Amino acid sequence: MATESSLYPSLIVPVGHVEPVPRRIRGMIGGRVAFDTRRALYVWERQAYPQFSIPVEDLVDGVLHDDKHTEQLGAGPAHRHTLHVGAEVREGAAWVWGEGSPRPLHGTVRFEWDALDAWFEEDEPVFVHPRSPYSRVDALRSSSTVRVEVDGEVLAEAPDCVKLFETGLPTRYYLDRTHIDWTRLRRSDTVTRCPYKGTTSSYWSFDGASGPHTDIAWTYDFPTVQANRIAGMTAFYNAHVDLHIDGTLLPTE
2 MATESSLYPS LIVPVGHVEP VPRRIRGMIG GRVAFDTRRA LYVWERQAYP QFSIPVEDLV
62 DGVLHDDKHT EQLGAGPAHR HTLHVGAEVR EGAAWVWGEG SPRPLHGTVR FEWDALDAWF
122 EEDEPVFVHP RSPYSRVDAL RSSSTVRVEV DGEVLAEAPD CVKLFETGLP TRYYLDRTHI
182 DWTRLRRSDT VTRCPYKGTT SSYWSFDGAS GPHTDIAWTY DFPTVQANRI AGMTAFYNAH
242 VDLHIDGTLL PTE
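Each residue of the sequence shown is one higher than the one before, counting from 2 in this note's numbering.
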């Protein structure tokens, strides 16, 4: 059997790229709808993922107040605004695109993600950032064997796995809990969220001969529908462990 590849597809969308969003997008603050649009745009201010840019005309309860401050963002110059929604005030929450930004963005506003209490695509909540239409996540059952070692100690050994392929990231190997030596792992309070996979339910650390190895494994007990095959399974962070796939040590990231 050939050695497992450590290569993976790269991100292809350039910074400054703009595309239409074919979904209804809403943002809420204090239980009120700040904006509601079917004309949102994706704008890539960084290559990893886009942001939503909303037509100013589609603000509902949201009111913008110019902060008289301009900055160069990833896609061009933008004017900072404070967002008022009823009695709620979110300082510097909004950026209205100015001259020098891509033409389709004119008349639209990009909001700081955490300035909104909730985001929705259609009627589904979105977490962390918009999902890129050019990225995909595939969780596939695999008969590849997996052995995980740290400091020469075996933390997991599984006869099969679920491989999770996510654009721009190395393959992750999710293992059934019965194949992991939990006596060697220490649960941590870390929680992370992913727009593609959901919210983690647990992180795990290991105290080895070389010292503590923090948050080297994680579990999604209730992942998104798209990643439901990894529910209740655990993956180890490739770069922080020795990962043997089908008996061969996988190169580090």
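Careful, some of the hints might be misleading.
[To be verified] Dumping the calculated SDA-like pairs for lysine to any residue here, alpha-carbon to alpha-carbon at most 25 Å:
1. Lys-164 / Ser-11
2. Lys-164 / Val-129
3. Lys-164 / Leu-12
4. Lys-164 / Pro-56
Derived by calculation from the structure, the hints in this document are not laboratory data.
All figures in this text were calculated on a predicted structure; none of them were measured in a lab.
Cross-check of the supplied hints:
no.: 1; hint: Lys-164 / Ser-11; result: holds (18 Å)
no.: 2; hint: Lys-164 / Val-129; result: holds (23 Å)
no.: 3; hint: Lys-164 / Leu-12; result: holds (19 Å)
no.: 4; hint: Lys-164 / Pro-56; result: violated (39 Å)
In this structure, only the earlier hint numbered 4 is contradicted, and the remaining ones agree with it.
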